Structure formats: C-alpha cells, structure tokens
Amino acid sequence: MDALALFLEFSLVGFASGGIYVLAGLSFVIVFKSTTIFNFATGEMMMLGTYLFFLFDLQMGFGWMGGLIAALAAAAGVAMLTDRVILRPLIGRPHIVLVMVTFGVASIMRGVAGLIWGPNVRQLTELLPRTPVFLGDILVPGKLAWGFATAGLIALAFMLFYRYSRAGTAIRATATDQITAESLGINIRMVFLLSWGLAGVLTAASGIILGSVNGVTPQLGLVALNVLAVVMLGGMTSVFGVVVAGLFIGWLETIVGAYLGAAWQSFIPYLIVLIVMFVKPTGLFGEQRVERI
Amino acid sequence: MSEQTTKAELAPKGSMVDSRALELAGWLALVAFIIALPFFGSVWALYMGCLVAINVIATVGLNITVGYAGLLSVGHSAFLGVGAYVSALMWIHLGTPLALNIVGGAVAAFLVGLLFGIPALRIKGVYLAIATLAAQYSLYFVFQQWTPVTGGDRGLSLPKIDVFGFGDIGFYFVVAFVALLTTLASRNLFRTRVGRAFIAVRERDYAAEVLGINMVSTKLLAFALGAAYAGAAGALLAAFLRIVNPDQFTLLVSVFFLAAVVVGGRGTTLGSILGAVFMTMMPEFIRFVLEHLAGAEADMAGLLSPLREIIFGALIVGFLIFEPRGLVGLLKRAFGHVEEVEARAEH
Amino acid sequence: MNAPLLDINEVNISFGGIKALRDVSARVDTGKVTAIIGPNGAGKTTLFNVVSGFYPAYSGSISFDGADLLKRAAHQRSDMGIARTFQNIALFPGMTVAENIKLGAHHRQKTNLFTAAMFLGPAWREEQELAAEIDREVLHLLDLQEYRNRSVSGLPYGVQKRIELARALIGKPKLLMLDEPFAGMTTDEKARMSKYIREIVRGSGITALLIDHDMESIMTMSDHVVVLNFGEVIAAGTPAEVQKNPAVIEAYLGEEE
Numbered sequence: 001m002d003a004l005a006l007f008l009e010f011s012l013v014g015f016a017s018g019g020i021y022v023l024a025g026l027s028f029v030i031v032f033k034s035t036t037i038f039n040f041a042t043g044e045m046m047m048l049g050t051y052l053f054f055l056f057d058l059q060m061g062f063g064w065m066g067g068l069i070a071a072l073a074a075a076a077g078v079a080m081l082t083d084r085v086i087l088r089p090l091i092g093r094p095h096i097v098l099v100m101v102t103f104g105v106a107s108i109m110r111g112v113a114g115l116i117w118g119p120n121v122r123q124l125t126e127l128l129p130r131t132p133v134f135l136g137d138i139l140v141p142g143k144l145a146w147g148f149a150t151a152g153l154i155a156l157a158f159m160l161f162y163r164y165s166r167a168g169t170a171i172r173a174t175a176t177d178q179i180t181a182e183s184l185g186i187n188i189r190m191v192f193l194l195s196w197g198l199a200g201v202l203t204a205a206s207g208i209i210l211g212s213v214n215g216v217t218p219q220l221g222l223v224a225l226n227v228l229a230v231v232m233l234g235g236m237t238s239v240f241g242v243v244v245a246g247l248f249i250g251w252l253e254t255i256v257g258a259y260l261g262a263a264w265q266s267f268i269p270y271l272i273v274l275i276v277m278f279v280k281p282t283g284l285f286g287e288q289r290v291e292r293i
Numbered sequence: 001m002s003e004q005t006t007k008a009e010l011a012p013k014g015s016m017v018d019s020r021a022l023e024l025a026g027w028l029a030l031v032a033f034i035i036a037l038p039f040f041g042s043v044w045a046l047y048m049g050c051l052v053a054i055n056v057i058a059t060v061g062l063n064i065t066v067g068y069a070g071l072l073s074v075g076h077s078a079f080l081g082v083g084a085y086v087s088a089l090m091w092i093h094l095g096t097p098l099a100l101n102i103v104g105g106a107v108a109a110f111l112v113g114l115l116f117g118i119p120a121l122r123i124k125g126v127y128l129a130i131a132t133l134a135a136q137y138s139l140y141f142v143f144q145q146w147t148p149v150t151g152g153d154r155g156l157s158l159p160k161i162d163v164f165g166f167g168d169i170g171f172y173f174v175v176a177f178v179a180l181l182t183t184l185a186s187r188n189l190f191r192t193r194v195g196r197a198f199i200a201v202r203e204r205d206y207a208a209e210v211l212g213i214n215m216v217s218t219k220l221l222a223f224a225l226g227a228a229y230a231g232a233a234g235a236l237l238a239a240f241l242r243i244v245n246p247d248q249f250t251l252l253v254s255v256f257f258l259a260a261v262v263v264g265g266r267g268t269t270l271g272s273i274l275g276a277v278f279m280t281m282m283p284e285f286i287r288f289v290l291e292h293l294a295g296a297e298a299d300m301a302g303l304l305s306p307l308r309e310i311i312f313g314a315l316i317v318g319f320l321i322f323e324p325r326g327l328v329g330l331l332k333r334a335f336g337h338v339e340e341v342e343a344r345a346e347h
Numbered sequence: 001m002n003a004p005l006l007d008i009n010e011v012n013i014s015f016g017g018i019k020a021l022r023d024v025s026a027r028v029d030t031g032k033v034t035a036i037i038g039p040n041g042a043g044k045t046t047l048f049n050v051v052s053g054f055y056p057a058y059s060g061s062i063s064f065d066g067a068d069l070l071k072r073a074a075h076q077r078s079d080m081g082i083a084r085t086f087q088n089i090a091l092f093p094g095m096t097v098a099e100n101i102k103l104g105a106h107h108r109q110k111t112n113l114f115t116a117a118m119f120l121g122p123a124w125r126e127e128q129e130l131a132a133e134i135d136r137e138v139l140h141l142l143d144l145q146e147y148r149n150r151s152v153s154g155l156p157y158g159v160q161k162r163i164e165l166a167r168a169l170i171g172k173p174k175l176l177m178l179d180e181p182f183a184g185m186t187t188d189e190k191a192r193m194s195k196y197i198r199e200i201v202r203g204s205g206i207t208a209l210l211i212d213h214d215m216e217s218i219m220t221m222s223d224h225v226v227v228l229n230f231g232e233v234i235a236a237g238t239p240a241e242v243q244k245n246p247a248v249i250e251a252y253l254g255e256e257e
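Protein chains in written order, with the numbering used here: chain W, 1 to 293; chain X, 1 to 347; chain V, 1 to 257.
For reference, chain W alone in the conformation it holds in the complex:
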C-alpha cells in the first residue's frame, strides 16, 4: 500500500477517535457556557457513565440496548442530581467554591467506581461491529468507524437541539446573559439542570464508545487530560471550536502515534495544553468577555 493511502487510513482512524473527544468536549462546553462552571468532573462522568452501561447491560442483564438507554438515563440522572443537591445550594457563593466542588465530586466518583467495580479492566459488550470498514482501498477498524458514526450522530443531534429547540435556545440565552435571560422569564435553575443532564448523556456516550474499544477502569477519567486539550484548543465556550479541536487532536494523536511511536503520542495533549496556555489562552474560537464594572 502506498504512503498516501496509509496516511489517509491513519487520518481516518484519527478522526474516528476524535469523535469521542468531540462528545466529551461538547458536554464540557454546554456546562461552562450556561453555568460558567469549569466541570472538573468531566472525565469521571465519562467513566461513571461507562460503568453504568456495564452495570445495566452485563451485570443486570438488560442487554445492550436496554443497558444503553438505562445507562444514559442514569448518567443524566446522576448529573442532574449533582446539580440539584450539591450545586444549587451554592448559588450566590463565590465562583471558586462552585468549581472546587466539582473537583471534590470528581474525587468521590473515582472512589465510588473503584469501590464498586475494583481497579481491574472490565470489558463491555461488543456494541460496535468489529468487521473493518472499507472505503475504497482504505481499511478502518470496524469499532472505530461505527464509533465515529455514532458519535457523529449524537453530536449532530445535540447541535440541532442546541440551535433549534426551545430548550436549546433557553440554554443559549442563559449562556449569553443570565440576568437578561431571567428577566425574559427563562427559568435559570431549569436551564442549569438541563445543561447538566445533557452533559451527563454526552459524557456517558463518549465514555461508552471509548470503553467499547479498550474496556473500562476507574482511571478512564484520565482521558480528561486529552479532553482538556481539546477544550482549551477549541476555546471553552465554542461548540464549533470543540468539534474542530476534537477531530484535530484525535487525528494528531493517531498520526503522531503511528509515525513517531506511543511515547510521543502520549506527550501530545500536554504539548497542546501548554502551547495554548502560553500563546493563545482563549483558544482558536473562544470569546473574550468584556467585564463592565
């Protein structure tokens, strides 16, 4: 196979894995935009969602479809519960407190998962077909291709919802200006709840797709570093930015891994985080808000 075709193959694999980052990144952005909270528990929510799928599908025997629905619903439920029980009492407190709390919640989630399911890898149901997908001469591993297709569908559904539905518009209004949104009759608390619920679904979906490839451990949340790189590169408030950055970083990691080896591949997220921070902290598409005194 000639070099170009090989490169294309790797690229497609890269985009496919980028799909996972896009979903997780979207969950982060929706929470950040509407509640201004930096969700330190994003990685752990991915991990927990995946375990919930494992729980419902294999441990409780719902089968993969029932398990999937149950897992996504439960993940949304956990996220909304966190908002209702932990974050809502803290409204009005300094911003740092809210962010610290997500950090604490992340730790609790890691611990709970470790306690219930132990540190060893658990394999998920073969949700995604293994048979490789051929695009002309190019071969893409089945799981990744289907994973990408799924991620893409979910991301698309989310973006349509965000753009065109009433609830989505309410979220966008809140994200732009909370006070004005409230004065227009939008129930801010419901918007927060909804944002967290969506974040729960997106992270769970992202985690499940990721877990389908490699299995799940309590350390799955470590992928949060890669998600951090995606979100920083894209700009923390940009839906479009996250899509672009997610695909790009997925692609970059795969290419680097293929041509330079695994060590270099693992270095990429750090590099991106540091470069973005030093060169353009607002990312490619992030916004700079002007503070009125």
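By construction, these hints were calculated from the structure, which means they are not laboratory data.
Since the structure is predicted, the reported quantities are computational estimates derived from the model, not experimental observations.
This list has only true hints and no planted wrong ones.
Listed below are the simulated DSS-like cross-link pairs for lysine-lysine, each with C-alpha atoms no more than 25 angstroms apart in a straight line:
(1) V/Lys190 x V/Lys32
(2) V/Lys32 x V/Lys195
(3) X/Lys124 x W/Lys280
(4) V/Lys174 x V/Lys195
(5) V/Lys71 x X/Lys124
Following the hints, position chains X and V against chain W.
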C-alpha cells in the same frame, strides 16, 4: 463622643486585647507541645509529628493561594514534587546541607509556580485553576519520564540525613521548627499590607486596583508563594522518607491538601494547622476502622485508595456546603462566638 | 487661571456599538469641588471608570497633574494621587473596618514580603503608625470609632459609605473622586454626608470631583458643574448658570425624581 469611644473597646468582635492574648497563648502552647512531644510520645508519635509538620507547611502555603487570595489551585502536589526532586538532587549531586536543600526546593517550586502562573493570570476567571491542572499532569509526566534525572518510576533514594548528630529527634525538631517559622511568617503577612492586598484581590479586584494594588502581580505572588511553601514541604518530605518517586505527587495528594484547607478553614492560620492535623490523621483513622470492621487483610490495599478518594472529596463538598468556615468556624460557634451582625457568607 | 488638575479632553468610548461618551471634555481645577451631573445612564460613572483606568478610551486624552493619565495602568492612579469611591460600595467584607481603611494607604506603605514575614521591626512600626494616623485623622472626623474593629459586612449602608470615604482620604490624594456619595441615603444622612465632605474639602484644600444625580445636594457645595446627557456634555459652569440652562432643564424634565 467620649462615651462612644469607650464603647469601641467593647466592640462585639471580641476586644482586640482579648484575641491577641488568646493568640499568643495559642502559639506558646503549640511551642510547648512541640518541645514536649519527643519526651512523652512513642516512636509512632514522633513519626506522625514529622508528617503533620510537613503537611502543615504545605497546607499553610495552599491556604495563602486558595483561602486568602481566592485562587483555585488543584496541582499543589506537583509543587511538592518539584521541591522534593530538586532538594534530593542537590543532596545527591552537590552534597549540600539540608537547610540549603530546603531553600533550593522552595525557590525551584516558586519559579515553576511563576512559570505556570504568568500566562494563566493574564486571563480573568478560572484560568489559573486550569493551569494548575496542567501543571499537575505535566510535572507528573516529567517526574515519570525524565528517567536520567529523576529516576523515572523508581525515583530517587537518599542516604540518611543526620542533623547535628541528634538522629531522629534532631530531625523532628528541624521539621517542627521550619513548620513553626513558616506558619508564623504566613500569619505575619496578614498583619501587614502584603496580606491585606491578597484578601482585597480575592474580594473585589477592581477596587483593589484603585487602591494601588496590581491585581495580576499580587495574584501571581500569592500563587508562587503557595508553591514555594509546597516546595519546602516537599524537600522535607524527601529528607524524611528518604525516597522520592512520582506516585507521591498525584492528583489524589492535591485533593488531600485542598481538603485540608477547606476542612481546616480557608483564610485562617489556625485553620491550616487544624486541617493539616485532621487530614494527616484521617488515613490512619480509616485504616484503623477498616481493620476493626473488615478483619481480613486481603482486600485492604484495594479498598484504601478508593475510600480515601471518596472521603477527601466528600470532605471538600460537605464542608463547602455546610461549614464554609471549616473547623475554625465550628470552634468559634462552639465557643459562643456568634457574629453579632449577620455576615453574608462571603466564603 | 492655572492649568486644571484634571483635564479631560474630547474623550470617546463605545461599548459594542453604543457610544457611551462622545467628545467629552471637562476641567477640574485644583482646590475646587467639581460636580458631574446628569440623568441616569448619562455616562457619569463611565467617565469615572475611564479616569480610573478601567476602560480604555477610544480617542481623546486625559491629563492629571501634568501626566498623561491614559498611558498609565489602573493601579498607578493611587500613587499619582487619585482616590475614588464607588457607586455600589466596594469595601472588602472579609476584613474589619480598620483594615479596610488601612488599605487606602497601601500605595504609601513600604512593607514588602520579607519585612512582612518577619513583622518585628519596620513592618510593625509601619502598622502602628498607620493605625494611629487613622484614629487621629479619619475615624474621629467621620464618627467611625465605634465600628473600628468590627467586620465590615452587615454594617448599615450609610456607615459603609463613610468607611469608603475614610479609605479614600487616608491615601492623602490630590484628587478625591466620589461616585454618588449620597445615593440611597435619607435626608438626614445626606445632610450629614454633605457636612463631612464640606469639612474635608475646606479643611484640607483637597480637589474633589463628585457624581450624583441629586441636584439639591450638589448645588450647595460645588464650585463648578458639568452636565452630561446621553454621553455628551450639554452644559458646564457655576451651579447658578447651569441651573438656568434650558438644555439642562429639558434633560431633567424627563427625569421625575
């Protein structure tokens, strides 16, 4: 008018003389306790004393950053690591005395703090927290991968440090002494304009600017100072444990120190001390409870780590929601020190 | 006539398409009380914020005591001799009244990280001196003694406004900028505040720049008045002149107090 001046001495916050006397008594009691410990305590007590002292230093530092200046730092353990590695390397390659190694560790951590703080503080908002997360991950990566210097996963091991020939007790006094000095130094900062500037910048940064406080450089100083304290603590930790490896400086350890600050009481010196003591004792307490409850040894190691994650996280969340002023707040209320005027929960 | 202490020249600033200040010029003469008045939203606080260095001006210049103000960072104002209070009170709730006031002298103090850590010696002396200065010069003047060691949060609004004033004064400024010093006060409180400000101005010869949209309080104590409406200066002169100005009357007719 003169009647009102007399009333000033009876101001509800507890008269100035009273609280100063109380504080002085507290310091003296602390010194007395420190001196007495080796004589009535067991070997275990001495060991814990050293550990507590080291954790106090790190907690005091994090409290300056998080509690007083209001900046979230979730990568505190990375700075401990910088201090530990730098001081260990100084000892191994240069043979420098402990005092110099501690300073070296603190200075190195200070500089690394500046390195991450400078770009982050140009942006308003939560960006510094992100930078500290980046610091946590990337420094761990460096500790683990830069094998020729840091020894990689195996880390570094140090020969025993004998301070003035007094052995373990001598080392204990050194650690306790450094902890006492650094805590006192932090307390003193907040008697002066330096500390007031940190608090001002936390509460209303634009008003602080109008008063001549450069917001960015003040936040940077608070952050780097916290890192320096962690560096000093790390240097002492390295000398204490005689090994330095990456797994001592993980995210869980950062969570530990954040919990110490929140549990103890943000923005108070006493809070740092109480929080450090509480959190250092906590793993011992967990182990104690587990031994009595579970009995079987087999699963203990597996349970310990997730249990810690849950408890540390729950402490942070619980105290932030229910007792934002931490143990110090609890104590104040227990002693009937109710704030006469309903203070807004500014914390 | 001497050069004004603060000379604002053709300042323009916009916020996302809305022109907040349009070619605004004003002069504040040394030792005099100048008032900026105008209906709500006229741009008074915006002008203050430009002088304070929070907003960059799109065009125009401001000179203070001969120096180009717009080229300096916000935190340098204090050193140059400008102090200000805020419309919504910007005190620090986590500190006591005394500590808040001490911050007014921050730019004058010399304690650094190292002397502070040690405390005994120069830092302690500096703190003692400042505490004495506060007791002597502002606490008594503004009747704040009884609140000295109390936490700022929870104190009555009128008291907090006086604390902010004390904080501004202790910085020994050349120019004292007061943003709505009478806002939200009862008639009694206003009279009291008026008395304090007059005492301060006559007593120390300080230059004062006030904002308020309460005509009564301002007219009795100002030497010079500048009227803003929709971001433009529509009149400037002595209180008597401005009061009779038809454009000013019209601007205020739309505003029922």
